[in-house]
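Engineer: Protein sequences appear in the order of chains A and B.
In case it helps, the numbering used here puts the first sequence at residues 1 to 161.
In case it helps, the numbering used here puts the second sequence at residues 1001 to 1571.
The reader is advised that the hints may include incorrect statements.
As the list claims (entries may be wrong) - Here are the simulated lysine-lysine pairs, DSS-like style, with alpha carbons at most 27 Å apart:
#, chain 1, residue 1, chain 2, residue 2
1, B, K1358, B, K1565
2, B, K1304, A, K62
3, B, K1203, B, K1343
4, B, K1020, B, K1074
5, A, K18, B, K1143
6, B, K1213, A, K74
7, B, K1143, A, K12
8, B, K1151, A, K62
9, B, K1533, B, K1379
10, B, K1530, B, K1379
11, B, K1203, B, K1352
12, B, K1304, A, K18
13, B, K1186, A, K66
14, B, K1440, B, K1028
15, A, K74, B, K1530
16, B, K1213, B, K1338
17, B, K1074, A, K66
18, B, K1213, A, K62
19, A, K55, B, K1530
20, B, K1343, A, K66
None of these hints come from the bench; they were simulated from the model.
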Amino acid sequence: MWAILSILVENKPGILFKVTHLFRSRNFNIDSISVGVTENPEYSRMTITTYGDEKQVTQIVKQLDKMIDTVEVKQLDEHKTVYRELSIFKIKVSNANDSMEINKLANAYGGKVHDVKKDSIMVELTATPDQITAFEELALQFGIIDVARTGVAALQRSGAS
Amino acid sequence: MATDLENKMETMSGAKALMKALEKEGVKEVFGLPGGANLPMYDEFARCDIRHILTRHEQSAAHMADGFGRVSRKPGVCFATSGPGATNILTGIATAQADSAPMVAVTGQVPVAMIGRDAFQESDIIGMANPVVKYAFQPRDAKEVPEAVRKGFFIAETGRPGPVLIDIPKDVQTNQAEMVFPDEFKIRGYHPWADPDMVNVEKAITMLLGAEKPVILAGGGTIISSAFAELQTLAELLMIPVVTTFKGKGSFPENHPLSLGPIGMHGHAEANKIMTEADCVLAIGTRFSDRSVGTFEEFEKRLKIIHMDVDPAEIGKNQTTSVAVVGDVRASLRIMVKMLMQKAIKQTDENKWLQHVKETKEYWRENLKLHPGEMGAAKILRKLRELLPHQSIITTEVGQHQMWASLFFDVIQPGTFFSSTGLGTMGWGFPAAIGAKVAKPDVHVVDIAGDGSFAMTENSLATAVLEDIPVIVFVMNNFTLGMVAQWQRTFYERRMIGVDQGKYCPDYVKLAESYGAQGLRAQSMDELDKAIKTALSSNVATVIDIPIDPEEDVLPFVAPGTSLKDMVLPS
Ligand SMILES: Cc1ncc(C[n+]2csc(CCOP(=O)(O)OP(=O)(O)O)c2C)c(N)n1
Ligand SMILES: [Mg+2]
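Next comes chain B alone, as it looks inside the complex (with noise of 0.2 Å):
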């Protein structure tokens, strides 16, 4: 044993450690900015094999962490210096924590002796970051470095996963350490597994069977845990329509019989409606948020809930439940499926609320009202689809846009769209589309993006260009922060206060050939059928710039406060 241990024994700078113990992670790519504090670390990208990716700001290097790590399930890194760079990165670690999303944030810090002296470029980041992190470190010796990667790798990607930052002095990095790389550790407080709930399964099944209603209502819990192929067979099992909240799209797929796609403030007409008649629900990897659910205690009444969640602290946080199943919501369905088979329970679909179902959905897929304009939110994002081969991945920025995605664009191949959809944080979807590239270089990725929050992180064209990074980047241009506007005409009997971005300010097209990015205008349906096209077939970042009517409504709509039967649609 001591001569195993000494074998894995060497001595070496903390900063030298951080790099090994991030290759022993298998990470090929970083993303970041230097800066005085954490120079020793970026000395070492010259003498190992991981990639560093620059970015032009550390938010957008964050959410490239975030979108890498969402699509391919493993923490992505990213690395900032301290002060500013630290505190640049906290909306990007709040935005991962507020999506469960896996991610490992590196910051360089001031030496150890200087730490509470207000020294330069000083920050209490551990203090700041504390609430929107899963778990923070801050090595004080080298030795600990190895220690600490290998148990934030765990952390941020085992049970509900989560940001977590490690926070290292200067010092320590370059101090120098006899390392060891453990392979085992022990974390006492930490349990992210619980055993499969046999028995609350089965109660679920038999509330399922039970009911004259039934509506499955799939979180974003249901595509962290990949629990795609569990879900479906689930559904066609107990012939139960799926509804998902915003964060799950896509966790079924959208032109499945029983998809009726997202509930929630902006959700389809058709989900909001079977939910509010539904009698049991059973809710996958949700935390029944207030966007999704709206006020929701008329329903809880005469509701019979099964709540599935790998977090116990999510079982009756937001809801009262009848049945809780807590664990890993992929092991929990597989059981469930195994024990419907060896029942031999398969219904089929000739009921009264299957019928009522087809029903709702069909009249609402024709006659819901939608934007008279060639250019209407509506037959844009369709045409994308149209154009866009299933298994492509979709980001979206936050605003009508975001809402319009969620509405209009269907999601075929499950787990392919991914949102802010917590935090709500403009200028996340287009550097999470880089992450999201670098995880599957072989896919397309497009940003479905407004006008507004594009030019919060449009900087990160540079790292999309010199880094060889091509993403589509899908400007829905309303020329206003058109989500706000919706607001204030909506509340606010008009009055427009600071939502107008003027006209091409910038211009999008001549910013993106600035960069050295393809710029494309499209204001016709035929335009953008080319441009798509186009965008597809190349392979530099492409910004498809497309004018649309500044006064188009996100509708149904779902007050703040209200209830989801008291959705407001087109008239």
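So here's chain A without its partners, still in its complex pose (with noise of 0.2 Å):
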């Protein structure tokens, strides 16, 4: 099961650590994490997601919980959530073809087009990871010289709980 994790942390140095060490020393499983600053200064939001049977993501979210640092844990409900990762795409140009094809994919997946030059072409794509894979998937076709992505931002839509 893939589970996102939201945890509200103490904006201090050491507690991305801390949180990334626990899933190391507790044998569990980090797909992907992203960390920012909050409104309130004194806390950052990280989310983490991660695969593992129920009992594992209980558990999890217990650890976490059990941490001093965090001062919220969630695990949120992806049918009432908003989740998007930011990633970054360099793909090869062979020919003028290329160019036009790689164009209306990252159209078709609301990607937008950067940096294109007589061989790359760069498309930044915000969407779901699952997306991000599928347009990647396509893109393969053409040669994928780099990706970068942010891993997930989520938040609960309002109402849910």
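Both chains are given apart, each in its own frame, so use the hints to dock them into the complex.
Structural biologist: This is how it looks when you write it as structure tokens:
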């Protein structure tokens, strides 16, 4: 099972280390992680996506909750959550036709095209991880030079609990 | 308000603030060893009332603080310098963490500006200790010291206790600042207390009353929360037999008719048997460690488990439960007892299950085969029990002697038996005994030791002698790393590799004498009787060296990865 965890932590040095260390030492996996300060500069929000059976995920949440530097730990229901990841692809251009096709593909996924060069194009895509992976599979036909992905950021919709 | 705060403010160095904050926490003793990076704090001992107890190794300082903490239920304090001093206490911190013992370890660190530059005796102790501490502080400014101490003690002793590290850079120790010693503070992400869970206590009662073969499994949490009276009242009201984990040994008087003793890898035969037959277990303050329950899956299906624990993360970690009661186990047990009394529930002992439990217990008490020799483990430990007052404190080392102590030394007064159960740290028992004796100078403290373990921290004899802390080391000397030897006999076709300790290398009687302690050798029951009596009436640390048969095994034995019902018995 894929789970999105939203973790509000004290905005202090060393907390990211402690959280990731907890995953390692308890034998849990981090699928993706993103961190940023919140509207209150005393806190940061970490969004971690992970895989595990239900028992494991419950255990991760409890262990994270037990950490003294975590203020709030929530497992988000993906159906009641807005979650997105930012990705940047550098894609190979072998001929003029490629360039057009890549533009079309980017448009179809709502991506933005940057840095158009003779032999490469960069595409910025903000979407769910699944959509990004789908885009990646289609982009493979042209040849992918580099990819950078941020990991998921997520917030629960209002009214959801 | 402002004047109130001003009154509290005082300019002083970080080192002085540290000592003042420790005094405010009621600290009277610190175990430690100095070095360059903690000299400013050491200098403050000249100007305060806290007693410094010098150890010969920082690991022992940490174990002493641990022993002190387990007995007094207040954090024991140890000091070490940066670099190797700090890394030396890691084993002690990890040991305390594994057994949820309250401790505050204070290390010196290189000056703030030197951190990260591989300075002399710099080690990233915060990074290294992270997985084995409950929390760690590194004040970067002198004025942060008092709050780090206050919060550190609070975290170490509340909820599920554990070790806290405070790493103080040298310039933070020497810098002057306006100090505020806070009484109140906020830790937003720390909630050590849950309200008593009435609904689930009620459910637990119904489940226990509906069970045909109920058992209480008391773990270490029962001892940490001193829930002795509550546990006994509950067991007697419901007439439910009590088994314990090894860490919970002595949470219930082991001479009580309902007591079956510890379960586990080297549990009592009767306890393991009854545990595997039960249909409902009330598990109190335990993590269902593999050493306690073996492979449990087959029981899980028919066993209803009620799990009480202060740590919500323990619920469901190793064991699926039917009812979970989160909260301080003493508070939860109190509510349970109160509800039972309100309902006027009092069971009698006239039922088939209790009859069966009684017969099983009697059978194994009479029929467990013991070593035939005069100096068999059971005889030695029963002799110690016979001569030792009930309020005396026992610590143990790690190995066969530890498991024999579990099997053959009955704890009568609850909360007087301590061991490194989680990490299994050889060398813990002796320094921990010293810490225990500092916490409770009026009772005898005996470390039940093996020769191998004692060798790891025997230099604490210097501390015991010079600081006048007369504890007794009871060395069951088989001249081998006996527990390892037993596994080699059992699983490796008697290929004995790396276990021989040599005959009298060292001679522990002479070793004790060389430190100015008393050394006694007991080669017969008569000599043992005399030696124990001599030790108990002496006011100097005493080592009793008791040569035993190197081939004696600890039995029963539940091999790792097997079930309690597959326990191997003496043939
Ligand atoms: C620090 C440490 N190193 C190694 C071990 C592995 N170990 C467990 S028991 C044991 C032998 C202990 O020997 P001794 O203290 O003489 O006790 P005995 O088993 O002979 O009674 C060893 C080496 C351990 N528990 N702790
Ligand atoms: Mg030995």
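Engineer: So if I understand the rule, the pair passes when the alpha-carbon distance is 27 Å or less; does K18 of chain A with K1143 of chain B pass?
Structural biologist: 25 Å, holds
Engineer: Just to be careful, I want the Cα atoms of K1213 of chain B and K1338 of chain B compared with a cutoff of 27 Å; is the pair within it?
Structural biologist: Cα-Cα ~23 Å, so holds.
Engineer: Take the C-alpha atoms of K1074 of chain B and K66 of chain A, compute the straight-line distance between them, and say whether it is at most 27 Å.
Structural biologist: This hinted pair holds, its Cα atoms lying about 21 Å apart.
Engineer: Does K1565 of chain B sit within 27 Å of K1358 of chain B, going by the straight-line distance between their CA atoms?
Structural biologist: 18 Å, holds
Engineer: Is the hinted pair K1151 of chain B and K62 of chain A satisfied, with a Cα-Cα distance of at most 27 Å?
Structural biologist: 22 Å, holds
Engineer: Quickly compare the C-alpha distance for K1304 of chain B and K18 of chain A to 27 Å and report which way the hint goes.
Structural biologist: This hinted pair is violated, its Cα atoms lying about 36 Å apart.
Engineer: Verify the proposed pairing of K55 of chain A with K1530 of chain B, using a straight-line Cα cut of 27 Å.
Structural biologist: 57 Å, violated
Engineer: Hint check: K1213 of chain B vs K74 of chain A, CA-CA at most 27 Å. Holds or violated?
Structural biologist: Since the Cα atoms of K1213 of chain B and K74 of chain A sit roughly 39 Å apart, the hinted pair is violated (cutoff 27 Å).
Engineer: Take a quick look at whether K1203 of chain B and K1343 of chain B sit within 27 Å of each other, Cα to Cα.
Structural biologist: With a Cα-Cα distance of about 14 Å, the restraint between K1203 of chain B and K1343 of chain B holds, given a limit of 27 Å.
Engineer: Next pair to validate is K1143 of chain B with K12 of chain A; report whether the Cα-Cα distance is within 27 Å.
Structural biologist: 17 Å, holds
Engineer: Within 27 Å, alpha carbon to alpha carbon, are K1020 of chain B and K1074 of chain B?
Structural biologist: Holds - the C-alpha atoms of K1074 of chain B and K1020 of chain B are around 17 Å apart, at most 27 Å.
Engineer: Hint check: K1533 of chain B vs K1379 of chain B, CA-CA at most 27 Å. Holds or violated?
Structural biologist: Roughly 16 Å between the alpha carbons, so the hint for K1533 of chain B and K1379 of chain B holds.
Checked against the numbered hints given earlier, the structure breaks hints 6, 12, 15, 18, 19 and 20 and satisfies all the rest.
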